[in-house]
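Chains A and B, in that order, are what the protein sequence lines are. The numbering of the first sequence is our numbering, which starts it at 230 and goes up by one. The numbering of the second sequence is our numbering, which starts it at 678 and goes up by one.
What the hints contain is simulated information worked out from the structure, not anything from laboratory work. If you're wondering where the values come from, they're calculated on a predicted model, not measured in any experiment. C-beta atoms are modelled at their ideal positions from N, C-alpha and C, and glycine is treated no differently. Careful, some of the hints might be misleading.
Simulated coverage check for chain A against chain B, where a stretch passes if three residues somewhere in it have a Cβ under 8 Å from a Cβ of chain B [what the hints assert, rightly or not]:
no., region
1, 244-254
2, 283-291
3, 294-305
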Amino acid sequence: MRHIISVLLENEAGALSRVAGLFSARGYNIESLTVAPTDDPSLSRMTLVTTGNEAIVEQIKKQLNKLIDTIKLLDLSEGPHIERELMMVKVRAEQADREELKRLVDIFRAKIIDVTDVSFVVELTGASPKLDAFIDAVPKGLIIEVVRTGPSGISRGPQGLML
Amino acid sequence: MELSGAEIVVQALIDEGVEYVFGYPGGAVLHIYDAIFKQDRVRHILVRHEQGAAHAADGYARATGRCGVCLVTSGPGATNAVTGIATAYMDSIPLVVLSGQVPTPVIGSDAFQEVDTVGITRPCVKHNFLVQDVHKLAETIRKAFHIATSGRPGPVLVDIPKDTTDPNLKVPYQYPRDITIRSYHPASKGHPGQIKKAVAAMLAAKRPVLYTGGGVILDDASDLLTQLVHATGFPITSTLMGLGAYPMTDHRFIGMLGMHGTYEANMAMHETDCLVAIGARFDDRVTGKIEHFCPHAEIIHVDVDPSSIAKNVRVDIPIVGPVASVLDDMLRLLDESGCDPQREALTEWWEKIEKWRELKCMSYDRAGAKIKPQLAVETLYKVTGGDLYLTSDVGQHQMFAAQFYPFDRPRRWINSGGLGTMGFGLPAAMGVQLAFPQAQVACVSGEASILMCIQELATCRQYELPIKIVLLNNGYMGMVRQWQEFFYESRYSHSYVDALPDFVKLTESFGHVGMRVEKPGDLEGAMEEAFGMKDRLVFLDVVVDPTENVYPMIMAGKGHHEMHLSPERELA
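Using the sequences and the hints, build the whole thing.
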């Protein structure tokens, strides 16, 4: 089963490699991982997507918690939460395709953030399946490159993952 | 007080109360070595290889319960120490490793003797640090000791670039007494509700077994464990790492469990209805095939590390907390409840266990003309009267020592259980002997293992460490040979240790005493002579039967109830 796990950790050099190293050393799956400092520059917030049976995910959470740099951890999949991912897609946009692409951008509430005679860069934010759907919707052969951040997540309601 | 980084390192060790630093100098740590030269509070022990430094610090830690410290230079100094660090990590031994690093401005430039020490050691330390600011040095060293010795202990490495120890840059020094790390809060007490549930399950059990491990020793909980056994009358078995936490000569101790454990311990594991695991981690050498593990038992697991619980086997009543504190709570609850276990059922259970015990699974052929390795260990016990710190290398001799030397006290049996590091025994014995100069310290080894750190004989000479080395010399990597006999139709691929040195001459060349024993009748006299030489290292080269195997044995993929006693004694 897919789990999305939020980790609050010390913003120290090497903290990310401790997490990445843990996954490779113990043979856990890692689908995506995003990390950046928070409003408190001494803290980093990481969102990690992994898959595995309940026993494995339980072990992953324990091992993550065991890292000295880990302050707190929350398995977002255990409650109501929001996931968002940012994607930028560079597409071939010759005259004939421009209108169709603009329509798609409107439908998906995306944005065109770079324009040339022959190309667009489209920015799109949403849950990962929405991003997948956009890629599927772009006519075949027009995609030049896709860059995605992997999902970030936050729980719904007033409770927060704080110090 | 204003100190340079190098002086801070040494002063911090003094403020930590460190007795010994095991180390080896080199370019990146020269400032630190100069600071060591100028003081006499911390004693530096010069090893002959950095692996020896880590093992010696490790042996010191295992024997004393205090944090071991070693100091190595950058590059090869650090990489040589890695085996020792990993050894300590697998057995949860508190160690602080100080490593030199190339100066900060050249980090990443492939400088001379540069290696990414923090990167290389990351998977085998509890935590590590790179200190690039001399102002943070004292605090970081304090943190390292705190992390290494609290919770589930383990090695912590502090990598110190040479410019951080610059003797010309002095900064204010104050050693932080108390330190809090906001992201690190090891459990300090078990959950009362869980402990209550566990005690209820124990009192209701008809066929209980206590299964204890190295965690009991690490938390100095032997007395509490002994009280628990006496209060309940439960049978107790132990892992390799836990031997000595409960007196092995007491009848309630049913022997070590697992691959080379006793028949009675393993059968008890198979039939128990309530397994109380304390400070043990369900290692594969202990559990045998997981599918067959304790099929009838409700499992209680006490461990300070939550990630140990339910890692390999299901657990019904998990208790996260320090072993001593949890045992203390259990004893109090038992006392309050009048401590009334199922006495009748227990009597029946003990009768069953005694029947298994009657099989005498450890018996071996005593008639032969060759010295049996088992006899050598038994004689060692007799000659030392059980009052011995015994370190071990890895292989058959390690198992024979665990089986035939009954330890009645904790911290007396010192071996690499988790990583299984050949070469551990001799340097570990150096750490033990330095910690207890008056005590009898021996290292049981094999002719393959001993050669892996033989250079430390020079260290033993320099510091006059009167260790007794008992070499069970069978001319083979015994355990490898045993597996090749069982599983590879006796194709002894590279397990024969050809071209062995003359160990007597070798030892003598290092300035020690060497003795060779070939006949069973000479064994006891030779050992008495060796242990009689109180101020000399004696290397006893004991030539043993090369065909002897370690029995009993649970073969790979089998359960506890499928033990193999010996070729002559198959079980139905």
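Hint check:
{"no.": "1", "hint": "244-254", "verdict": "holds (count 4)"}
{"no.": "2", "hint": "283-291", "verdict": "holds (count 4)"}
{"no.": "3", "hint": "294-305", "verdict": "holds (count 6)"}
Of the numbered hints stated above, none is contradicted by the structure.
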